[in-house]
Amino acid sequence: MSKSQILKDLVGGEERLESVLMRLKVILADLENEEINKWINSEIQGYETVNDVPPYRVLKGRPIGTYMLGNLKHTNASIPLNHISTELREQMLTINITDGALGIKSLLDSTSEVGRPVPAEVCQRLSHVGFYLSGMRIEVSPNQLQGIVANIKNKVTNIIMKLEKDFGNLDSLDVFSGEGSPKELESIQQYIISVIYDNSITIGDENKIKTSNVGHKGEV
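Every number in this note's numbering is 9 more than the matching position in the sequence shown, counting from 1.
To be clear, the hints were calculated from the coordinates, so they are not data collected in a lab.
Take these hints with a grain of salt, some might be off.
[Said to hold, decoys possible] Simulated crosslink set (DSBU-like; lysine-lysine; CA at most 30 Å straight-line):
| hint | residue 1 | residue 2 |
| --- | --- | --- |
| 1 | K162 | K114 |
| 2 | K171 | K12 |
| 3 | K174 | K164 |
| 4 | K162 | K47 |
[To be verified] Quick list of simulated restraints, FRET-style, between CB atoms:
| hint | residue 1 | residue 2 | range |
| --- | --- | --- | --- |
| 5 | R71 | A159 | 17 to 23 Å |
| 6 | N91 | L116 | 25 to 31 Å |
| 7 | E27 | N80 | 48 to 54 Å |
| 8 | L81 | Y200 | 53 to 59 Å |
| 9 | P151 | L97 | 26 to 32 Å |
| 10 | N208 | R71 | 45 to 51 Å |
| 11 | K12 | Y200 | 38 to 44 Å |
| 12 | M31 | N80 | 54 to 60 Å |
| 13 | E43 | H92 | 17 to 23 Å |
| 14 | Q153 | Q133 | 24 to 30 Å |
| 15 | H92 | G112 | 33 to 39 Å |
| 16 | S28 | G144 | 27 to 33 Å |
| 17 | N80 | N50 | 22 to 28 Å |
| 18 | D180 | E57 | 47 to 53 Å |
We put the CB at the ideal spot given by N, CA and C, even for glycine.
All chains should be modelled from the sequences, with the hints used to inform the complete structure.
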């Protein structure tokens with residue numbers, strides 16, 4: 010069986026990731042699964058809040074900035090934060106990437122450093138005798154952003170390969186029309202959700218799959 014064009018484009022890198030996600034959204038539309046649709050939409054458009062961001066989009070940044078240590082000035086240098094609590098340091102260094110696929114690509118294409126500025130009042134509170142912090146930002150590297158893209162691509166690849174194995178070529182984008190028993194459709198939804206959440210969430214009382222009429226349009 011020949012491979013679906015969407016899989017060729019994804020693996021070959023011939024089409025932007027957001028376009029592949031849009032096509033996957035069309036393929037999965039008949040499942041009417043709110044959790045799956047929410048994930049695809051978020052990866053395309055971006056996540057609304059940091060609380061919605063999945064673990065693979067949570068990065069640890071580096072504190073970079075300008076400070077005086079004694080009489081010596083350090084510019085665009087790594088900032089020592091050992092004098093603050095571990096909890097506060099972890100909170101400060103954590104960056105949640107909410108941008109959609111296109112936004113991440115723009116960040117990667119940018120010539121400027123990617124990061125979050127730290128407010129001046131916070132820098133003042135972090136200063137102490139012999140150490141004056143005049144400016145700081147929390148930076149992430151291009152490799153970290155590439156890691157997010159690779160993670161998304163890997164998830165989408167696994168989903169597409171599973172769909173192709175169970176339902177055949179996906180080029181018609183009408184995969185589930187008249188196909189699959191309710192049990193099979195529930196199984197594929199469970200698989201997709203397990204891929205999205207790295208098997209950390211299972212379908213249960215709090216994660217119900219919506220009853221679907223896929224393949225049975227017109228029936229009551």
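Now for the hints, and whether the structure bears them out:
no.: 1; hint: K162 to K114; in the structure: holds (13 Å)
no.: 2; hint: K171 to K12; in the structure: holds (12 Å)
no.: 3; hint: K174 to K164; in the structure: holds (15 Å)
no.: 4; hint: K162 to K47; in the structure: holds (17 Å)
no.: 5; hint: R71 to A159: 17 to 23 Å; in the structure: holds (20 Å)
no.: 6; hint: N91 to L116: 25 to 31 Å; in the structure: holds (29 Å)
no.: 7; hint: E27 to N80: 48 to 54 Å; in the structure: holds (51 Å)
no.: 8; hint: L81 to Y200: 53 to 59 Å; in the structure: holds (57 Å)
no.: 9; hint: P151 to L97: 26 to 32 Å; in the structure: holds (27 Å)
no.: 10; hint: N208 to R71: 45 to 51 Å; in the structure: violated (31 Å)
no.: 11; hint: K12 to Y200: 38 to 44 Å; in the structure: violated (19 Å)
no.: 12; hint: M31 to N80: 54 to 60 Å; in the structure: holds (57 Å)
no.: 13; hint: E43 to H92: 17 to 23 Å; in the structure: violated (46 Å)
no.: 14; hint: Q153 to Q133: 24 to 30 Å; in the structure: holds (29 Å)
no.: 15; hint: H92 to G112: 33 to 39 Å; in the structure: holds (35 Å)
no.: 16; hint: S28 to G144: 27 to 33 Å; in the structure: violated (39 Å)
no.: 17; hint: N80 to N50: 22 to 28 Å; in the structure: violated (54 Å)
no.: 18; hint: D180 to E57: 47 to 53 Å; in the structure: violated (33 Å)
Comparing the model with each earlier hint shows violations of hints 10, 11, 13, 16, 17, 18; every other hint is respected.
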